[in-house]
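Chains as they are written, first to last, in the numbering used here: chain A, 426 to 564; chain B, 910 to 1020.
It should be emphasised that the hints constitute simulated quantities derived from the structure, not laboratory data. Any given hint might turn out to be false.
[To be verified] If you want the footprint, here are the derived chain A segments under chain B, 3+ residues with CB under 8 angstroms:
| # | segment |
| --- | --- |
| 1 | 429–442 |
| 2 | 453–467 |
[Stated by the list, open to error] With a straight-line Cα cutoff of 20 angstroms, these simulated SDA-like cross-link-like pairs (lysine to any residue) come out:
| # | chain 1 | residue 1 | chain 2 | residue 2 |
| --- | --- | --- | --- | --- |
| 3 | A | 556 | B | 926 |
| 4 | A | 535 | B | 945 |
| 5 | A | 474 | B | 942 |
| 6 | A | 474 | B | 945 |
| 7 | A | 556 | B | 976 |
| 8 | A | 556 | B | 980 |
| 9 | A | 535 | B | 926 |
| 10 | A | 535 | B | 980 |
| 11 | A | 556 | B | 997 |
| 12 | A | 474 | B | 997 |
These numbers come from a predicted model, not from an experiment. Cβ atoms here follow ideal geometry from the backbone N, Cα and C, with glycine treated the same way.
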Amino acid sequence: MQAMEISRTGLDVEWRRLEVIAQNLANANSTQGVDGKPYQAMRLVSGPKADFGNYLSASSGPLGVAVYGVEPEGLPARSIYEPGNPNADAKGFVSYPGIDHAAEMTMMVKTERVYEANIVAMNAARQMYLKALELGKRS
Amino acid sequence: MSDLTSALVIKALDGLSERSVVTANNIANAASPNFRAGRVNFEDALAQAATQGRAAVSAVQPQVLTDPAGSDVRLDLELATASTTATRYAALIDVLGRELQMDALAITRNN
């Protein structure tokens, strides 16, 4: 059942990536968070899952993918002149979070594709397991 | 069916099963930066061992190779591999199932 377990880790990671993208898009106009600063666009960092216990022996097979963290993207905030806004500074400028909409949408489509691919791979593995159960069956 | 054939079929099933695991891992890591996809190779070794008898066939181990650095995972090709692997696995299970049926027939109709 290892192949299905691996596809499951893929589904988990892509789902969480999608959550981060949704969070970025939802906060595109969040000029002030709890810390008083504009929202920071985040990026999910993922990579091959490593079993550190068996890392040196290299005896373990592939383990799938894992989330290694959610890091701020570090895009500069956009300053927009809005003197009427309660979050405006002394000169009347409001800091909007720097969010690259095109990049977010591209990442979203890519995430969806990888998610779908994991489901297809999982189905292929499932078919194989089901077929193996037919061994020895009387027809 | 000969002893050699069933040994070959079982080894091929092992290899295909390993390939499905590695392919699933490639797809799961499609978005991982700097990931090097794995490939499972057993057909050539198995074909060669088949000419040398059953012991050679039993000794065949599927080989896992990694793609060179800097090559991206092609999702479509990986999915094609996953689908081909599942189909070939099903075909081999069918062959093995027929063999078992013949054995069962020999056991039950021997009086």
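Hint check:
no.: 1; hint: 429–442; result: holds (count 8)
no.: 2; hint: 453–467; result: violated (count 0)
no.: 3; hint: A:556 - B:926; result: 12 angstroms, holds
no.: 4; hint: A:535 - B:945; result: 19 angstroms, holds
no.: 5; hint: A:474 - B:942; result: 13 angstroms, holds
no.: 6; hint: A:474 - B:945; result: 13 angstroms, holds
no.: 7; hint: A:556 - B:976; result: 30 angstroms, violated
no.: 8; hint: A:556 - B:980; result: 33 angstroms, violated
no.: 9; hint: A:535 - B:926; result: 28 angstroms, violated
no.: 10; hint: A:535 - B:980; result: 17 angstroms, holds
no.: 11; hint: A:556 - B:997; result: 11 angstroms, holds
no.: 12; hint: A:474 - B:997; result: 28 angstroms, violated
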